[in-house]
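J.: If you read the protein sequences in the order shown, they are chains A and B.
Mapping to my numbering: the first sequence position 77 is 77, numbers consecutive.
Mapping to my numbering: the second sequence position 136 is 136, numbers consecutive.
Be careful, since some hints might not be right.
Calculated pairs, DSBU-like style, for lysine-lysine (alpha carbon to alpha carbon, straight line, at most 30 Å) [claimed, not checked]:
(1) LYS206/A x LYS326/A
(2) LYS60/B x LYS13/B
(3) LYS419/A x LYS393/A
(4) LYS26/B x LYS140/B
(5) LYS419/A x LYS347/A
(6) LYS4/B x LYS393/A
(7) LYS4/A x LYS432/A
(8) LYS400/A x LYS60/B
(9) LYS393/A x LYS60/B
(10) LYS44/A x LYS4/A
(11) LYS140/B x LYS419/A
(12) LYS347/A x LYS326/A
(13) LYS432/A x LYS347/A
(14) LYS400/A x LYS419/A
(15) LYS432/A x LYS419/A
(16) LYS232/A x LYS4/A
(17) LYS347/A x LYS428/A
(18) LYS67/A x LYS4/A
(19) LYS13/B x LYS393/A
(20) LYS326/A x LYS393/A
(21) LYS336/A x LYS4/A
(22) LYS393/A x LYS428/A
(23) LYS232/A x LYS166/A
(24) LYS60/B x LYS347/A
(25) LYS4/B x LYS419/A
(26) LYS44/A x LYS85/A
(27) LYS428/A x LYS13/B
(28) LYS60/B x LYS26/B
(29) LYS13/B x LYS347/A
(30) LYS54/B x LYS26/B
(31) LYS26/B x LYS419/A
(32) LYS26/B x LYS4/B
(33) LYS432/A x LYS54/B
Covered by chain B, according to a simulated footprint, are these stretches of chain A (three or more residues, beta-carbon under 8 Å) [what the hints assert, rightly or not]:
(34) 376-386
(35) 408-417
Now the stretches of chain B that chain A is said to cover, found in silico as 3 or more residues with beta-carbon under 8 Å [said to hold, decoys possible]:
(36) 35-44
(37) 60-70
(38) 109-115
These are computed hints drawn from the structure, not numbers from a lab.
Quick caveat, the model's predicted, so the values are computed rather than measured.
Ideal Cβ positions, reconstructed from N, Cα and C, are used throughout, including at glycine.
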Amino acid sequence: MDGKYWEPEIETMPRAELETLQVERLRDTVTRAMASPFYGPLLKEQGIAPDTIRSLDDLRRIPFTTKEDLRSHYPFGMCAVPLEKIVRVHSSSGTTGNPTVVCHTQADLDAWANQVARCMYMVGLRNTDVIQNTSGYGMFTGGLGIQYGAERLGAMTVPAAAGNSKRQIKFITDFGSTALHAIPSYATRLAAVMHEEGIDPARDTKLTTLIIGAEPHSEEQRRRIEELLGVKAYNCFGMSEMNGPGVAFECPEQNGLHIWEDYYIAEIVDPVTLEPVPDGEVGELVLTTLRREGMPLLRYRTRDLTRFLTGPCPCGRTHRRIDRFKGRSDDMMIVKGVNIFPVQIEKILLGFPELASDYLITIETVGDNDEMTVEVELASITDDYGRLTALTKEITRRLKDEILLTPRVRLVAPGSLPKSDGKAVRVKDMRKNH
Amino acid sequence: MTIKQISLFLENKFGRLSELLAILSKADVHIVSASIADTSDYGLMRLITSDQQKAYNVLKDNGVLVSMNEVVAIAIEPLAADFARVVELFTRRGVSIEYMYCFNFQKKLVLVMRCNDLDAVREVVRNNSLTFVSETDLMKV
Numbered sequence: 001m002d003g004k005y006w007e008p009e010i011e012t013m014p015r016a017e018l019e020t021l022q023v024e025r026l027r028d029t030v031t032r033a034m035a036s037p038f039y040g041p042l043l044k045e046q047g048i049a050p051d052t053i054r055s056l057d058d059l060r061r062i063p064f065t066t067k068e069d070l071r072s073h074y075p076f077g078m079c080a081v082p083l084e085k086i087v088r089v090h091s092s093s094g095t096t097g098n099p100t101v102v103c104h105t106q107a108d109l110d111a112w113a114n115q116v117a118r119c120m121y122m123v124g125l126r127n128t129d130v131i132q133n134t135s136g137y138g139m140f141t142g143g144l145g146i147q148y149g150a151e152r153l154g155a156m157t158v159p160a161a162a163g164n165s166k167r168q169i170k171f172i173t174d175f176g177s178t179a180l181h182a183i184p185s186y187a188t189r190l191a192a193v194m195h196e197e198g199i200d201p202a203r204d205t206k207l208t209t210l211i212i213g214a215e216p217h218s219e220e221q222r223r224r225i226e227e228l229l230g231v232k233a234y235n236c237f238g239m240s241e242m243n244g245p246g247v248a249f250e251c252p253e254q255n256g257l258h259i260w261e262d263y264y265i266a267e268i269v270d271p272v273t274l275e276p277v278p279d280g281e282v283g284e285l286v287l288t289t290l291r292r293e294g295m296p297l298l299r300y301r302t303r304d305l306t307r308f309l310t311g312p313c314p315c316g317r318t319h320r321r322i323d324r325f326k327g328r329s330d331d332m333m334i335v336k337g338v339n340i341f342p343v344q345i346e347k348i349l350l351g352f353p354e355l356a357s358d359y360l361i362t363i364e365t366v367g368d369n370d371e372m373t374v375e376v377e378l379a380s381i382t383d384d385y386g387r388l389t390a391l392t393k394e395i396t397r398r399l400k401d402e403i404l405l406t407p408r409v410r411l412v413a414p415g416s417l418p419k420s421d422g423k424a425v426r427v428k429d430m431r432k433n434h
Numbered sequence: 001m002t003i004k005q006i007s008l009f010l011e012n013k014f015g016r017l018s019e020l021l022a023i024l025s026k027a028d029v030h031i032v033s034a035s036i037a038d039t040s041d042y043g044l045m046r047l048i049t050s051d052q053q054k055a056y057n058v059l060k061d062n063g064v065l066v067s068m069n070e071v072v073a074i075a076i077e078p079l080a081a082d083f084a085r086v087v088e089l090f091t092r093r094g095v096s097i098e099y100m101y102c103f104n105f106q107k108k109l110v111l112v113m114r115c116n117d118l119d120a121v122r123e124v125v126r127n128n129s130l131t132f133v134s135e136t137d138l139m140k141v
């Protein structure tokens, strides 16, 4: 295969045809969803059935689905097929409260691999490329998602997984990796280590392409990564609820991410009124799956804030573009590509009787890395110094088990943390573009 | 045989120690001993004054995180040999010393020790006629 498009007919489908396809697939999705313990009763109650879906406007009669719905139907309450049809589960982290689970059938995994391959092909990657994945594997969808997509593309895959920069660099130079998948802060880190080792990425490696995602980053950060590594870096958007990476992706124009409208119906709504915003205005992205069998999702509130970039794209693709993400409409933080909710940290801290109830999470960029510091007020003290050190260690350990990141923990005196208008300030994000 | 020691949480913030000492001066007590064990983030200050209850109350009322506990206070001649003898007696009796420090008091050296087994300490003190310092002694300062 060689041409500009992985799937030319779909990628350049005229809008009217694309929307007809969406309505058809929405009807199928509603049919499938009715078999799930969560959607079945909900759709019946709302009087929604496949034959009541005649146009995209009928989508608005379907209630929204939230992360809370997924949590409260843990583990398989959102599943629309018999469990023996499920071949993979992806679960979010969290030992406190319920994680969110996504169930995939074989067809779901095949469709996901296809969408990722489509994204990679779009930015010029081919079966002659060598694609190295520095994402964590296991439950992280950035691992297996990119893996299967790259294999579908036919490229040589290097499933390096996260960390061990020296080893990553050895793979890059020995295997001739041409593309990397990494979070933006790790890309900068790798460039720094290469520099320390006297390796000039442009001259000494075959890297041409970077796929960056999982955390918000600015245009400046992207340009910097491109300069440091001598590559083109493309923004990848995804979330586990919508499979993983590959939901939306930049084309060679690097001006907005095409969201695949044969896979999803995308809406942008006001996070407070939940009404659609005028085209081109910022709001919360709401997604409906069109191909998922195992766990179809209808009008899922992503809590990510963005807008449609109106107008045609020079690349010829008719799937609309969304802008770089502007933030969240909830309090979720993303640090080193990992999603963290303050409530997870709060629950762990509440398990320590030595601590008072006030804490402050500070996130800042130190050098190339984002660091999280958790300051927590002590409730009581003893004369035992070792006890304080052990306490700090234990808090750090339990937090790390919960949020998958090692924060810096600092014990502080009661009443010393800042309050704003009498309300406790819980998170201070000092990073640029936050 | 034991005296009260105040432990307090001292944040590693510029001016915090001055604030604390200002609070203490309001209590109008004599400082018998003060030490700060520290990390980069905070310090644990151990304090012995001429009136521990008074000092504790004024610190607590001013929002300082404090606690009070019992420590052993043995008075010896300020000679290395006497110091060594006390530690030897404790070791032989199996008393573990978690931490220690000293201060001068009326020409004697007072060894302050946090010990795990106060009954054993009482035994050592009695059987060896060791001298100890009491709260009342300190108040006379």
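J.: If a hint holds in the structure, say so; if it doesn't, say that too.
T.: Consistency of the hints with the structure:
1. LYS206/A x LYS326/A: The hint is violated at about 33 Å.
2. LYS60/B x LYS13/B: 19 Å, holds
3. LYS419/A x LYS393/A: 26 Å, holds
4. LYS26/B x LYS140/B: 19 Å, holds
5. LYS419/A x LYS347/A: 20 Å, holds
6. LYS4/B x LYS393/A: Roughly 29 Å between the alpha carbons, so the hint for LYS4/B and LYS393/A holds.
7. LYS4/A x LYS432/A: 36 Å, violated
8. LYS400/A x LYS60/B: Answer violated: LYS400/A to LYS60/B is near 34 Å, above 30 Å.
9. LYS393/A x LYS60/B: Roughly 27 Å separates the two Cα atoms, so the pair holds.
10. LYS44/A x LYS4/A: The hint is violated at about 44 Å.
11. LYS140/B x LYS419/A: Violated, at roughly 45 Å.
12. LYS347/A x LYS326/A: OK: LYS347/A and LYS326/A at ~28 Å, within 30 Å.
13. LYS432/A x LYS347/A: Holds - the C-alpha atoms of LYS347/A and LYS432/A are around 28 Å apart, at most 30 Å.
14. LYS400/A x LYS419/A: 26 Å, holds
15. LYS432/A x LYS419/A: Holds. LYS432/A to LYS419/A sits at ~23 Å (cutoff 30 Å).
16. LYS232/A x LYS4/A: Judged against 30 Å, a Cα distance of about 17 Å means the pair holds.
17. LYS347/A x LYS428/A: Distance ~19 Å between LYS347/A and LYS428/A Cα, so the pair holds.
18. LYS67/A x LYS4/A: 37 Å, violated
19. LYS13/B x LYS393/A: 22 Å, holds
20. LYS326/A x LYS393/A: 35 Å, violated
21. LYS336/A x LYS4/A: 33 Å, violated
22. LYS393/A x LYS428/A: Holds, at about 23 Å.
23. LYS232/A x LYS166/A: 22 Å, holds
24. LYS60/B x LYS347/A: The hint holds at about 28 Å.
25. LYS4/B x LYS419/A: At roughly 35 Å apart (the allowed maximum being 30 Å), LYS419/A and LYS4/B break the hint.
26. LYS44/A x LYS85/A: Between LYS44/A and LYS85/A the Cα gap is close to 24 Å, so the pair holds against 30 Å.
27. LYS428/A x LYS13/B: Holds - the C-alpha atoms of LYS13/B and LYS428/A are around 19 Å apart, at most 30 Å.
28. LYS60/B x LYS26/B: Judged against 30 Å, a Cα distance of about 13 Å means the pair holds.
29. LYS13/B x LYS347/A: OK: LYS13/B and LYS347/A at ~28 Å, within 30 Å.
30. LYS54/B x LYS26/B: Judged against 30 Å, a Cα distance of about 10 Å means the pair holds.
31. LYS26/B x LYS419/A: 29 Å, holds
32. LYS26/B x LYS4/B: 20 Å, holds
33. LYS432/A x LYS54/B: 50 Å, violated
34. 376-386: Since 7 is at least three, the answer is holds.
35. 408-417: holds (count 7)
36. 35-44: With 5 residues close enough to chain A, the hint holds.
37. 60-70: This one holds; 6 residues, not fewer than the three required, reach chain A with a Cβ under 8 Å.
38. 109-115: violated (count 1)
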